[in-house]
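Protein chains in written order, with my numbering: chain A, 1 to 112; chain B, 1 to 113.
Hints in this document: simulated from the structure, not taken from any laboratory.
It should be emphasised that the depicted structure is a prediction, and the values quoted were computed from it without experimental measurement.
Ideal Cβ positions, reconstructed from N, Cα and C, are used throughout, including at glycine.
All clues stand as given, with none of them false.
Each computed DSS-like pair below joins lysine-lysine, with the alpha-carbon atoms no more than 25 Å apart:
| no. | chain 1 | residue 1 | chain 2 | residue 2 |
| --- | --- | --- | --- | --- |
| 1 | B | 9 | A | 42 |
| 2 | A | 22 | A | 68 |
| 3 | A | 22 | A | 58 |
| 4 | B | 9 | A | 37 |
| 5 | A | 37 | A | 57 |
| 6 | A | 37 | A | 104 |
| 7 | B | 9 | A | 104 |
| 8 | A | 71 | A | 104 |
Interface residues of chain B toward chain A, partial, derived using beta-carbon atoms under 7 Å:
| no. | residue |
| --- | --- |
| 9 | 33 |
| 10 | 42 |
| 11 | 43 |
| 12 | 45 |
| 13 | 50 |
| 14 | 106 |
Each pair of labels, with its calculated beta carbon distance range:
| no. | chain 1 | residue 1 | chain 2 | residue 2 | range |
| --- | --- | --- | --- | --- | --- |
| 15 | A | 71 | B | 61 | 24 to 34 Å |
| 16 | B | 53 | A | 46 | 22 to 32 Å |
| 17 | B | 14 | A | 53 | 49 to 59 Å |
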Amino acid sequence: GENVEQHPSTLSVQEGDSAVIKCTYSDSASNYFPWYKQELGKRPQLIIDIRSNVGEKKDQRIAVTLNKTAKHFSLHITETQPEDSAVYFCAAGGSGYSTLTFGKGTMLLVSP
Amino acid sequence: NAGVTQTPKFQVLKTGQSMTLQCAQDMNHEYMSWYRQDPGMGLRLIHYSVGAGITDQGEVPNGYNVSRSTTEDFPLRLLSAAPSQTSVYFCASRPGGDAYEQYFGPGTRLTVT
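So that you can see chain A by itself, here it is in the shape it has in the complex (with noise of 0.2 Å):
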C-alpha cells in the first residue's frame, strides 16, 4: 500500500514569513495529492489538492508542487497570518486507491 512522510512535525514561523510543508510518497500509481488544514477541534478541510498531471498549483497565498519523479509535494504559504496557525496533513491516492493515506501532519504556528 501506500506510505507517505510528513515533514516538519512542528514549524513555527512569524507572520508574513513564508512557510513549507514538504511530504514524499512511495506508490507511483498515485496520482492525487490534497492537503487538508485542521483547526483545534475541528473537522480537517480541504485547502488545496494537484494531480499528477499538473507540477504546480496556486489559490492566492498557497501553492502545492509535485514532483512525480521524485514522488514528493510540497505546500507553500505565503504571507503567513496567524489564522494560518493549524495543524496541515498531505496525502496520498487517487486512481487503484479507494481512500486516501495521510501523513502524520504538521503544526503550523504562526506568531503576531
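Based on these hints, arrange chain B on the given structure of chain A.
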C-alpha cells in the same frame, strides 16, 4: 445539504462495553471511510466502503466492525471497547470515480475508561 454528519459528538465508555458510532451523508457519495485520529499519528484508516453492501479493512481494523446497507449510512461498531480505542473518530465520504476529494464529518470524541 447537511454534508457528512456524525453522532454522538462525545462518548464515554467503560472497558468491555459496545457501541455504534453513526455516520450519514446526503450527497449520494459512493465511497465512505472511517478514520481515527490520535496525537502525532495523523489520520489512520479503519474501514471503508465503495458502495452499499461492499466494505473492506483499512490500516487499523481490529476491534471494529462496519456495514453499509444503504448509500447514506456507514455505522462503525466497537465490539468490546478498550482504552486503546480512546480517540477522535472521523467519517468521510467522496463521490467515486475520478472525483477524489474527501469530505469529513465533524468527528466523535470517544473516551474508554
